[in-house]
Amino acid sequence: MIMDNVMKIELNAQQKKNQAAFRAFVSEEIIPHADRYDQEERIPSELITKLVQRGYLGATLPEEYGGRDMDMITYGLLNEELGRGCSSVRSLVTVQDMVAQTILKWGSRHQKELWLDEMASGDVIAAFALTEPDVGSDAKSVETTATFAGDSYILNGHKQWITFGQIADLFLVFGQCEGKSCAFLIEKDAPGLSMKPIFGMLGARASMLAELHLNDCQIPQENLVGGVGFGLVPVALFALNRGRYSIAWGCVGIAQACLEACLQHTSSRKQFGVYLKEHQLIQQMITDMIVNVKAARLLCYQAGYLQELGDPNSIMEIMIAKYFASTMATQVANDAVQIYGAMGCCSAHAVQRHLRDAKIMEIIEGTTQIHQIKIAEFGYQAYANN
Amino acid sequence: MQENKAKIREFLLRYIHNHDLQDDEDIFASGFVNSLFALQLVLFVESGFAIKIENEDLKIENFRTINALAYLIERKTASLAHA
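Protein sequences, first through last, are from chains C and U. Residue numbers for the first sequence follow this note's numbering, so the first one is 1 and each next one is one higher. Residue numbers for the second sequence follow this note's numbering, so the first one is 1001 and each next one is one higher.
Hints are computed from structural coordinates only; laboratory data are not their basis. Any given hint could turn out to be false.
As the list claims (entries may be wrong) - If you want a taste of the chain C side facing chain U, the calculated C-beta under 8 Å gives, among others:
(1) Gly-227
(2) Asn-241
(3) Ala-384
What the hints assert, rightly or not - In silico SDA-like cross-links for lysine to any residue, where the CA-CA straight-line distance does not exceed 25 Å:
(4) U/Lys-1007 / C/Asn-385
(5) C/Lys-180 / U/Ser-1030
(6) C/Lys-105 / U/Leu-1072
(7) C/Lys-112 / C/Gln-176
(8) U/Lys-1052 / C/Asp-71
(9) C/Lys-140 / U/Ala-1029
(10) U/Lys-1076 / U/Leu-1013
(11) U/Lys-1076 / C/Glu-64
To be verified - Beyond 10 Å from chain C on every Cβ pair, some chain U residues (computed):
(12) Asn-1004
(13) Leu-1021
(14) Thr-1065
No residue lacks a Cβ here, since even glycine has one placed at the ideal position from N, Cα and C.
Starting from the given sequences, assemble the full structure and let the hints guide the process.
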């Protein structure tokens, strides 16, 4: 008997079909090469071309701009699968979406017409430039300055840890103009902008990080996004909210990869005369992995559902999902390395890469501690309303 | 207009406690709300009244008070009706 009044948490047929396609792509095109990307600290252009061909760089952009117009759940599934393969590749899709959606939401008509088609087609790779050497979590204190001069803005400052800054054609840069926050679109060849690659990171090593130097960087006034005083709120927060959603799903992918690796490994390796999976302390770790991956995925579904509706609660639900999924991924990857033992500490096995990548996810787009503060504030607010 | 104001007030009171918020009172100057709230407010206005807040609407005057929000919603709704 079919009951119409039950709450259903189930993918529709198209979402299942897309999920299978994402999984096949990642298994065939990314996983066999991901450890090499990590070691070489770069993603080859051939892979970016394949991502573009499948529309993943314009995943959520409307079809009128050449995007795939994915719903938030489908976009989440894409991020889970990419995260299962390589967090750096997932980061490329994340950042492209953050900037594209910010332009779509807060950009001028001219900015949308100029950039969105090219971003969907992969002709333009975008990067998000908020963090500075002395400014991380305290984003309202960015020290990059913008001065209005004639019909231009002159920017001076230093941006750090910019994901895919090495290959980006377009940067969404945040600064202050007369003490008010501002966001600007800056092309890579803008006068006064220079880029320096960053190597040797702990995790997400193929994310091609860069630092940016803005020395009297002159840009047209029409490159301002969202108006003077609105750079941080809502523009940057809007972008970060998109990023957190993507990262939360990516963390589910990291943990799923570790779980699958451990299921295989513990079924094939023997110690003390029996397979590892026969040892109850191993079973405990596997159980925690299974339960925590499912819990994180459900939080992501909930966040995606609310995001799709445009519900104001989606912002906090995304923070909750990102907090849980990122801390969970670190724990699961840590246990996976433990189960693998010395082999898990060797570059021949992906679990060590996943552990290093998971740690990065607890830092980017809001640290674990910033999430804890905000989620606790939300809890007290909700308590007061009851 | 009064119905919209009541709906806006109901939303704001989720974040502003123990205070008799007036229709012309500055929501942001009062220190009741944080930066995340501003984004939540945008989503509330969009999802609650079926309008889109865009680049040209980003003026603090549009969001500062219950009166201003109600006027913004009325104006955006009317422009949709004439589109």
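Now the hints, each set against the structure:
Annotation: C/Gly-227 was flagged as interfacial toward chain U, and the flag holds, the nearest CB pair being 5 Å apart, inside 8 Å. Checking C/Asn-241 against chain U: minimum C-beta separation of about 7 Å stays under 8 Å; hint holds. Nearest Cβ of chain U to the Cβ of C/Ala-384: about 5 Å, under the 8 Å cut. The hint holds. Annotation: proposed proximity of U/Lys-1007 to C/Asn-385 holds, straight-line Cα distance about 16 Å (limit 25 Å).
For the hint pairing C/Lys-180 with U/Ser-1030, the CA-to-CA distance comes to about 19 Å; that is within 25 Å, so the pair holds. This hinted pair checks out: C/Lys-105 and U/Leu-1072 have alpha carbons roughly 18 Å apart, not beyond 25 Å. As the CA atoms of C/Lys-112 and C/Gln-176 are separated by approximately 23 Å, the hinted pair is consistent with the 25 Å bound. Between U/Lys-1052 and C/Asp-71, the direct Cα distance comes to roughly 18 Å. Compliance with the 25 Å bound is thereby established for this hinted pair.
At most 25 Å may separate the alpha-carbon atoms for a hinted pair to count; C/Lys-140 and U/Ala-1029 meet this at roughly 17 Å. Among the hinted pairs, U/Lys-1076 with U/Leu-1013 is consistent with the structure: their alpha-carbon atoms are about 23 Å apart, no more than 25 Å. Taking the CA atoms of U/Lys-1076 and C/Glu-64, the gap is about 23 Å. The hint holds against a cut of 25 Å. No beta-carbon of chain C is positioned within 10 Å of the beta-carbon of U/Asn-1004; the least distance is around 16 Å.
For U/Leu-1021, the shortest C-beta to C-beta distance to chain C comes to about 15 Å, beyond the 10 Å cut-off, and the non-interface label holds. Once the 10 Å rule is applied to beta carbons, U/Thr-1065 is consistent with being away from chain C; the minimum gap is 17 Å.
The structure is consistent with each of the numbered hints, conforming to all of them.
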